[in-house]
Amino acid sequence: MASEGHGHDLPGLAHHFDSYAQQRDSATLGMWTFLVTEILFFGGLFAAYGVYRSLYPEVFRASSHTLSIQLGTFNTVVLIASSLTMALAVRGGQTGKGKLAAALLVLTLILGSVFLVVKGFEYHEKFVEHHVPGASFHFEGPDAPHAQLFFSLYFLMTGLHALHMIIGIVLVGYVAIRAASGAYTPENYNFLEGTGLYWHFVDLIWIFLFPLLYLIGRH
Amino acid sequence: MTTTPSAARTAGAAMPDGSPRTHYLNATYGLKSWLLTRDHKRIALLYLVSISVFFALGGLMAVLIRMELATPEGDLFQPDIYNRLFTMHGVLMIFFFLIPGIPAVLGNFLIPLMIGARDLAFPRINLLSWYLYSIGGLFTLWALLHGGVDTGWTFYTPLSTNYVNTSVITVGVGIFIAGFSSILTGLNFVVTIHRMRAPGLTWFRLPLFVWGAYATSLIQILGTPVIAIAILLVAAERTLHIGIFDPKLGGDPILFQHLFWFYSHPAVYIMILPSMGVVSELVATFSRKPIFGYKFVAFASIGIAVLGFFVWGHHMFVSGQSIYAGVIFSVLSMLVAVPSAIKVFNWTATLYKGSISWDTPMLYALGFIGLFTIGGLTGVMLATLGIDAHVHDTYFIIAHFHYIMVGGAIMGYLGGLHFWWPKITGRMYPLFWSKLSAIVIFIGFNVTFFPQFILGYLGMPRRYHSYPPEFQVLNVMSSAGATVLGLGYLMPLVYFIWSIRYGPKAPSNPWGATGLEWQTTSPPPVENFLTQPIVTAPPYTYPAPKRAPEVTRGV
Amino acid sequence: MPAHVQPVRVYFGVFAALMAFTALTVFASFVNLGHANTFVALGIAAAKATLVILYFMHVKGNTKLVPVVILSGLFFLLLLFLFLAADYGTRGWLGVPGR
Amino acid sequence: MIPSSPVLPDQASDVARSVDHLMLYALSGLVFFSALIAILVLVFMVKYRRKSDDEVGIDIYETNRKSHVLELVWSVIPLGLLLILFAWGTKVFFEQNRPPAGAAQYWVTGRQWMWKIQHPDGRREIDELHVPVGKAVQLRMISEDVIHDFYVPAFRIHVDVLPSRYTTYWFKANRTGSFHLFCGQYCGTEHSKMVGHVIVMEPRAYEAWLAGEKTSPSSSAVASGDELFVAKSCNTCHRPDSSARAPILNGVFGTQASLNDDTKVLVNEDYIRESILNPAAKVVAGYQPVMPTFKGQISEEELIQLVNYIKSLKAAPAATAEAGK
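Residue numbers (my numbering), protein chains in the order written: chain S, -18 to 200; chain P, 1270 to 1824; chain D, -18 to 80; chain E, -1 to 323.
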């Protein structure tokens, strides 16, 4: 956000804002508003999930049991850890420690990639077992036709989540480079903070996806 | 808010007659200065041009539809062509004209001016939303050239997912991208209105147009993501046959209707709320007095926006939705009529003891009030279970929503355009022709759409390419009215373009209005205000302060 | 002028709590609680989400407007769920197929 | 065919009259309020038009305490009128949707772009529905492809015809004549050709029509269902003496069946249809999911026949013996 030279020429303050506080408050509010749209975006999928789970509870339970609870739990831990490193990175930006922030961002990026790789293994397993919806779909057990609905939702929800992760990783990489070059000051680390909010949001979605997809009636 | 009043800007001093030496239109030149601009005023003009193109295209399709319906046999087009025409008419008009219409053109131009800010909170995102809108539009036009879509703009499953073989996905992608644009515009407005108000501009000193735009933005933010996911699911179903909406695989097609109308009913309020805001401005300005019951009108906007999310199921009374859900949606739909009624009564009461001028924008505003009243009251009929069961998906509902969207939203849009045109361009348009256009549009509109109420009650279903001959008389009336309406819409196009070059120079406040936008020059400087305005009074306090010198009074 | 800075131990404390909740939710899914299983799982997820939002996302200590924004978003999402339940939950009550 | 009035469609059932009365109430509200607004606006426009260039309006809101009362009045009165409209409309809607007991059962199958109709005695017709006057008629409807909608303006009701489950339409015609039948939900290219007629006849004429036109060897839906039950080998498992591979179907219709997952389900048309297409979805307690699916091997019309047949099976063992022959 380079200054346009109108009015004030404070570094890192856009020409149409009067103060850093106004600029930061605007950025935070804007990011949160965006995240609300994301909540409703995923919300539509959660609604579809709720409807079909209530219509076909048995087959949802049976299908859920084909997912690997170990891998799911592992990924949950990885993602929460990446949220921790992200939060600490933002704190680094906040306190003007650009190098520390950059290092923590790289760690976040690595953890995010680990999550995606594990997810890739899980997808591969589904593919091998013919649990990918489509012509070659095959499911053993009661009410097999409706199992496809579970797996459709599984792939849509985790797929959209993974897409958000990929976008997040690109953002984190960009922010890491900027942070290393000292672009973020305690007055203006808004882009870093915004990226952090986005990353945590992706974590939040997973916090709900994990029990809904992996943990249906394991007893 | 910790705004510090800033010193005079470098945008250039005013000429003696009040028109600035440099303003946002002549500060820089060249295509690049427009396509890469971050000035909200220029972006508003970019939007004005693009939505006008889509309005013209959608209007052309309406003309072809009315030509086909002049005879009952369906002898002008093949049915598949006709189905594409009404689908593309709906898609273009709703997603590419009405929804971006007032927010993106008037809202973009006016919100920073009205709240005394130098720009929107996120100027780059603002430009990005115009690009997203344009890309979405290009996708849709591309689909149009490749045969368009014939599912109806509602994309009901499983017809759209498993049965038609037209460009559903391309148009879906277009709408999806345009939806992003809509979200970002709403987000920008919300943040701007919260964070960028001038010193002294408290919430209850905001012009009602800003309240309307704020309420609209809430819907854009909260509703659009849900239709985005619905479209995504349709695309996934169409390409991968995943079964979400396919009854053969256990999916429920009704679920699509829920997700679709969760957005698409509130979307109606995206179209009408800003228009209501415009009408509030017009009624106050041209009666030269404060709006009767300012707070009621302001809260009615928010009330409509919020309640708008409680009523979507009234589109599904006969769809196989549970009858009890229908009952709930019916009673909630009745409630949303109350804030609308409050607005209409308050506008009427504002006229009482006003000093009313019959300028063009006022004629449009009055046209809005009349047509919106009829549109709203027929909407109440449609919210009534027993009546809807009969007139659902007939021409009755076509007439109803055209009264709201064309009679309401477009009348308000044109009224606003006539009101702020001098501010936007610095030029006046011919008053005689503009008043004539308001009257022609009003008459043409009623002749077009009133017969459709009767047609609908007689039982003529919508989206029929051919129809039983006994419906012909009313259809011919409607088609004749459409001709008048079309001519009415061409008039502003001609004299607005004329005025840019030949219109007399507009003073900074030609209507003697209050509001910060009238206290800067016409057209405004790049930074909107030469000095940071400070607000000390509620809106619509007449007589208007004469800050900028006034010279000539219109044509 | 800069926003409120949280001490590092807060972040690690929250992380530990999130780990504990994750273990708890996996454990709970192996216990037969009948229909309550779903609600327990969602309750734990909501608790985790609240922690993340309040501490990692700095909503605690921020302006009051942000919680309003979040809660209104959740409110409208809840509307979607509630009305869907109103439809799917009452189908067939009348005893007339399709109503 | 010319409608009886230029603004009202034919009124061919008591429900239609109820709808028109309701509409009249709503319409009088519309006329009253739009006239009120229009007159007030026009009067004010003329009376208070600007007389001089520097004239300003008089703000009466802040000075007058009654302003808030006025706001309340014009919020509450419309609300009251709206709630009356809602209550009345809901009452009519239940009339439109709740068929009386003992209504004659017809079956409607919609497909792109025709209506296939089956009478209680098995007679079939396309795009035409002949019914006797004065008798309650109930239609069970299903679609073979997309969503359609059964709409007869003279009866003032639309009901969507879904591809996923049965929906119900009912009417009791109170006059004879031929009335438009429209598809009321856009269903693709030839949507506007998916039209037909409902022909209401005197009961005797209807009987004569039924008898006179029975040229093809059409049997009743129950009888056809019986044949199908054998042809599809349903009877090899669903019979009393089989060693409990499948539940006995006699007398199950309308009862609550206990399922494998400890829930109960009402045995109605939808459940039977689902159980044929998707046998493993809801298996009755005590049985294994061994039944093969009939999805893709059976048409909606055949499903209707089977449903009818199973509905007709009484608990008496005699009927079973006949069915299993």
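One should not assume that every hint holds.
[To be verified] Simulated pairs of lysine-lysine, DSBU-like, Cα-Cα distance not exceeding 35 Å:
hint	chain 1	residue 1	chain 2	residue 2
1	P	Lys1301	P	Lys1774
2	S	Lys80	D	Lys41
3	E	Lys49	P	Lys1517
4	E	Lys49	P	Lys1704
5	P	Lys1564	E	Lys49
To be clear, the hints were calculated from the coordinates, so they are not data collected in a lab. As the structure is a prediction and not an experimental result, all values here were calculated from the model.
Give me the numbers of the hints this structure contradicts, sorted from smallest to largest.
3
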